[in-house]
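Construct all of the structure, not just a fragment, from the sequences and the given hints.
There are 2 protein chains.
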Amino acid sequence: MGFWKSLFSSSDAAAASPVTPLDGSVNGTGDRSGNEPRIFFSTDRDIDLYELEELCDAVGWARRPLRKVKKAIEHSFLVTSMWQQRGNTKRLIGFARATSDHAFNATIWDVVVHPEFQGKGLGKALMKYTIKKLRSEDISNITLFADPQVVNFYRSMGFMPDPEGIKGMFWYPD
Amino acid sequence: MGFWKSLFSSSDAAAASPVTPLDGSVNGTGDRSGNEPRIFFSTDRDIDLYELEELCDAVGWARRPLRKVKKAIEHSFLVTSMWQQRGNTKRLIGFARATSDHAFNATIWDVVVHPEFQGKGLGKALMKYTIKKLRSEDISNITLFADPQVVNFYRSMGFMPDPEGIKGMFWYPD
Numbered sequence: 004m005g006f007w008k009s010l011f012s013s014s015d016a017a018a019a020s021p022v023t024p025l026d027g028s029v030n031g032t033g034d035r036s037g038n039e040p041r042i043f044f045s046t047d048r049d050i051d052l053y054e055l056e057e058l059c060d061a062v063g064w065a066r067r068p069l070r071k072v073k074k075a076i077e078h079s080f081l082v083t084s085m086w087q088q089r090g091n092t093k094r095l096i097g098f099a100r101a102t103s104d105h106a107f108n109a110t111i112w113d114v115v116v117h118p119e120f121q122g123k124g125l126g127k128a129l130m131k132y133t134i135k136k137l138r139s140e141d142i143s144n145i146t147l148f149a150d151p152q153v154v155n156f157y158r159s160m161g162f163m164p165d166p167e168g169i170k171g172m173f174w175y176p177d
Numbered sequence: 004m005g006f007w008k009s010l011f012s013s014s015d016a017a018a019a020s021p022v023t024p025l026d027g028s029v030n031g032t033g034d035r036s037g038n039e040p041r042i043f044f045s046t047d048r049d050i051d052l053y054e055l056e057e058l059c060d061a062v063g064w065a066r067r068p069l070r071k072v073k074k075a076i077e078h079s080f081l082v083t084s085m086w087q088q089r090g091n092t093k094r095l096i097g098f099a100r101a102t103s104d105h106a107f108n109a110t111i112w113d114v115v116v117h118p119e120f121q122g123k124g125l126g127k128a129l130m131k132y133t134i135k136k137l138r139s140e141d142i143s144n145i146t147l148f149a150d151p152q153v154v155n156f157y158r159s160m161g162f163m164p165d166p167e168g169i170k171g172m173f174w175y176p177d
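Same order as they appear, the protein sequences are chains F and Y. Here the first sequence stands for residues 4 to 177, where the numbers follow my numbering. Here the second sequence stands for residues 4 to 177, where the numbers follow my numbering.
To be clear, the hints were calculated from the coordinates, so they are not data collected in a lab. The reader is advised that the hints may include incorrect statements.
Any copy will do: because identical chains look the same in the list, a pair fits if it lies in one copy or spans two.
Unchecked claim - Here are the computed lysine-lysine pairs in the DSS-like style, where the Cα-Cα straight-line distance is at most 30 Å: (1) Lys136 - Lys73; (2) Lys74 - Lys135; (3) Lys93 - Lys71; (4) Lys127 - Lys93; (5) Lys136 - Lys74; (6) Lys127 - Lys73; (7) Lys73 - Lys135; (8) Lys136 - Lys123; (9) Lys136 - Lys71; (10) Lys71 - Lys131.
Next up, the structure:
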């Protein structure tokens, strides 16, 4: 997986060109001090469900029962979150999760970036972090279902729609 | 979920019109005796990996490391298998599995029916059994990625390609 090393050679900051310092550390403290905000990523599942709901509200998603959201987080293979930290305060500004068989396939769901933080390369950074984590677990087939307005975003990340004519399909009851 | 009851009201046999008696019982013994073959379904994960490999060989799939297949089966949310039983002998003739977050989404993978048993409605019966099991676990969003030659098969089962423009996408490394 040499290609991977070069893609994520130093830090995610370089790849994502965000407006704020950025690293992929989990609960990292960094080497900065003071109140300058920084962005960091985490795979910690200990996410406040109300804070997550607020984030999803901000992008206009339909509300879902928190009990089920909790269960889905517990049973996702990977949960990635993106945070803005100022001093001792951190704010959830992005989220994604993936289901998987832990061997071949993963499917990414619920990718969200707070509107205030969109257009800064952070969605891309969140996805790169998520892909990196999945690849580090030896998952070779990474898939997702993209709404029409984000197909080009995912395409720019290396996702291909309908490769070799493979169709994403959803079951609807009669 | 009244619609469901009507869809699977009596037995999967009626829905699938297969050539052999069919029920959805798990390791059921049925009420038949003698050597008349019968088909049954199971969610038991205790599947002989070599027998599964033989089944996948029969449809021409590329071989995969059994260690990874074992892991994938362990970490799938649901594993369904279809068997032909003659007396005390049973033969694996179909297989499917699904990953899931146990709450909202499931994705069906590795659907296979032995060529000798294709064209008899058994693939449909296997899928109906799989969908029924997922629905009984309160999964509302059932998805899959279909090769071009089976898109119409899945369409006939109630799966819709690209609903509302949603695209199935696969990630490829640069």
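### 30 Å Cα threshold - placement of Lys74 relative to Lys136
Both: 21 Å inside a chain and 18 Å across chains, each within 30 Å.
### Message
At most 30 Å between alpha carbons: which applies to Lys73 and Lys135, within, between, both or neither?
### Response
both (24 Å within a copy, 24 Å between copies)
### Query
When no copy is named, should Lys127 and Lys93 be tagged within, between, both, or neither for a Cα gap of at most 30 Å?
Answer is within; shortest intra-copy Cα gap is 20 Å, inter-copy 50 Å.
### Query
What label fits Lys74 with Lys135 when the C-alpha limit is 30 Å: within, between, both, or neither?
For Lys74 and Lys135, both the intra-copy (24 Å) and inter-copy (21 Å) Cα distances are at most 30 Å.
### Query
From the Cα coordinates, with 30 Å as the cut-off, is the pair Lys71 and Lys131 best called within, between, both, or neither?
Both ways: Lys71 and Lys131 sit 27 Å apart in one copy and 25 Å across, limit 30 Å.
### Message
At most 30 Å between alpha carbons: which applies to Lys136 and Lys71, within, between, both or neither?
### Response
The answer is both: 24 Å in one copy and 18 Å across copies each meet 30 Å.
### Message
Within, between, both or neither: how does the pair Lys127, Lys73 come out at a Cα-Cα threshold of 30 Å?
### Response
within (25 Å within a copy, 33 Å between copies)
### Task
Indicate which option fits the pair Lys93, Lys71 if close means a Cα-Cα distance not exceeding 30 Å: within, between, both or neither.
Only inside one copy: Lys93 and Lys71 sit 25 Å apart there, 39 Å across copies, limit 30 Å.
### Task
Can you give me the call for Lys136 and Lys73, within, between, both or neither, at a CA distance of at most 30 Å?
both (21 Å within a copy, 22 Å between copies)
### Query
Is it within, between, both or neither when you check Lys136 against Lys123 at 30 Å Cα-Cα?
within (22 Å within a copy, 43 Å between copies)
In summary, this structure violates none of the numbered hints.
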